[in-house]
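Protein chains in written order, with the numbering used here: chain Y, 57 to 439; chain F, 691 to 814.
For the record, the hints were derived by calculation from the structure and aren't laboratory data. Where a beta carbon is used, it is the ideal one built from N, C-alpha and C, also for glycine. It is possible that some hints are incorrect.
[What the hints assert, rightly or not] Label-pair restraints from in silico Cβ distances: (1) Y:LEU185 x F:GLY731: 31 to 39 Å; (2) F:GLY731 x Y:ILE438: 43 to 51 Å; (3) F:GLY731 x Y:GLU59: 27 to 35 Å.
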Amino acid sequence: MFERVAIVGVGYTPLRCISPEVSYRELIFEAAVKAYNDAGVGPNGIGTFVSITEDYIEGTAIADEYVPDQLGAVLKPVRTVTADGITGIASLVMQLQTEQFDLAVIEGHSKASNIDYPAHIEAFALDPLYARPLGFHPNYVAGMEMRAFLDETGNTERQAAMVASLNRRNALSNPLAAYPANLTADDIMNSRPEAEPLKRGDIASLADGAIVFVLARESILSRIGGEPVFINGIGWSQDTPNIEERELHRARYAEQSAGRAYRMAGIGSPVAEIDFAEVDDTFSYKQLQHLEALGLAGPGESGRLLQEGLFSPTGDLPVNASGGNLGCGHTYDMAGLRSVLEVVLQLRGQAGERQLADVKTGLAQSWRGIPTATGGVAVLGIE
Amino acid sequence: MPYKNKVAVLGAGLTKFMRRALETPKELAFEAAKTALEDAGMTIEDIDCVVSVTAPEAFDGVHMNGEYFADGAGAWGKPYMRTYVGGGSGVFGLVTGWYHIASGQFDTCLVVAEEKMSPALPHP
Numbered sequence: 057m058f059e060r061v062a063i064v065g066v067g068y069t070p071l072r073c074i075s076p077e078v079s080y081r082e083l084i085f086e087a088a089v090k091a092y093n094d095a096g097v098g099p100n101g102i103g104t105f106v107s108i109t110e111d112y113i114e115g116t117a118i119a120d121e122y123v124p125d126q127l128g129a130v131l132k133p134v135r136t137v138t139a140d141g142i143t144g145i146a147s148l149v150m151q152l153q154t155e156q157f158d159l160a161v162i163e164g165h166s167k168a169s170n171i172d173y174p175a176h177i178e179a180f181a182l183d184p185l186y187a188r189p190l191g192f193h194p195n196y197v198a199g200m201e202m203r204a205f206l207d208e209t210g211n212t213e214r215q216a217a218m219v220a221s222l223n224r225r226n227a228l229s230n231p232l233a234a235y236p237a238n239l240t241a242d243d244i245m246n247s248r249p250e251a252e253p254l255k256r257g258d259i260a261s262l263a264d265g266a267i268v269f270v271l272a273r274e275s276i277l278s279r280i281g282g283e284p285v286f287i288n289g290i291g292w293s294q295d296t297p298n299i300e301e302r303e304l305h306r307a308r309y310a311e312q313s314a315g316r317a318y319r320m321a322g323i324g325s326p327v328a329e330i331d332f333a334e335v336d337d338t339f340s341y342k343q344l345q346h347l348e349a350l351g352l353a354g355p356g357e358s359g360r361l362l363q364e365g366l367f368s369p370t371g372d373l374p375v376n377a378s379g380g381n382l383g384c385g386h387t388y389d390m391a392g393l394r395s396v397l398e399v400v401l402q403l404r405g406q407a408g409e410r411q412l413a414d415v416k417t418g419l420a421q422s423w424r425g426i427p428t429a430t431g432g433v434a435v436l437g438i439e
Numbered sequence: 691m692p693y694k695n696k697v698a699v700l701g702a703g704l705t706k707f708m709r710r711a712l713e714t715p716k717e718l719a720f721e722a723a724k725t726a727l728e729d730a731g732m733t734i735e736d737i738d739c740v741v742s743v744t745a746p747e748a749f750d751g752v753h754m755n756g757e758y759f760a761d762g763a764g765a766w767g768k769p770y771m772r773t774y775v776g777g778g779s780g781v782f783g784l785v786t787g788w789y790h791i792a793s794g795q796f797d798t799c800l801v802v803a804e805e806k807m808s809p810a811l812p813h814p
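Bound conformation, chain Y alone (with noise of 0.2 Å):
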């Protein structure tokens, strides 16, 4: 019905806690090269460029001004889209099917190291009328949202440690990632409590980098290069601004992504048809809610099927091998571009030590962060 979108070129700069000696325009620069190097097309060819931000995360107003030369966009069509870069590629897939362009840049990016207090700057995503004035840490939010989700379903705060545990781990095969590290659930439930019951073993730190995509349209893909990974179903969805109005313990946003991104990609059974994904786990629990969103755990299964095994890179259905944003490193609105990535690489058979067998079928889940409700639902395969 929609002709289909296909990534076929991915450039990326590892990620890291800081990068002093580069700005984020040199980040996004390193990817975009590698970027077009990867899809065998210079920046002649691209019509149409998204790039991923937020004001007050960047700094600067109006941020994707001071993209274009950096990405070979100058006097092309380029915006913002404030949204998960997840959400962001939906825009250029759309922008794609109007058959307006065919060929697209989307670029995503991180300088979180320049943020001097990440949560007085998250603060000011809260209501400012009922919720700010409060004056709590936004993390208070995914904690009141953890204990409703823990309660609701009976997960547990342990099987959540057991998450960011094995995430960590993952990230010990993964030159890309920020923060690998050989930690215990143990270790993680005896964190440092930050907002009950987050510890901060259960929160993704913060780190730099840059990404940049090339898209295609598929009706064009035999007059370019590139090893073309295909978008077969995008959904996005904005839950409630207002937590109030939230029934915290659901991932409302994602189940409606997955919804619409399944019935585009014709999954019938996620379980059986999804070969592995790439969720969001900002915060340990979410990463098992998520996954019972996405209806790849049922209702309170989350924890229990983690620890038999079925996510971890040997069960059948692996989850965040790359070592999630807990083992990355959190970059905002980049994350989803990050999760897309990794599927990209593993359904390409380019993920080194990391590389999961037999994979035709991902599924990456991109959540906004603190204090949304907002997220999209990407799956990707090779044909």
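Please arrange chain F on chain Y, whose structure you already have, making use of the hints.
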């Protein structure tokens, strides 16, 4: 692709431009969206997706402004995207709405452009 030349604007709504409006960004978005839907003879249930545009966050004084007034823009439970090109965002909202529909992915789209350059306090 058959949809490129078959996208139409069905309705429009506009709030009064004024300094120091007492309405919050959510309320301004809601007023314009409601007027546009009434003009088109539709309800929010008829809308498949929502696009919003707004200029720099610093004008509204909130981080992630698109998220903040999403409820006023009718985006609950819908695919929602705020996109932005600085001051050109108003016109750009139409462009974005256009490709949501011209792509064939959606049949109807609500485009909401919002700006609140005075603080929301002391309202309500």
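The hints, checked one at a time:
1. Y:LEU185 x F:GLY731: 31 to 39 Å: Given range 31 to 39 Å: holds, Cβ gap about 33 Å.
2. F:GLY731 x Y:ILE438: 43 to 51 Å: 46 Å, holds
3. F:GLY731 x Y:GLU59: 27 to 35 Å: Given a distance of about 32 Å, which is inside 27 to 35 Å, the answer is holds.
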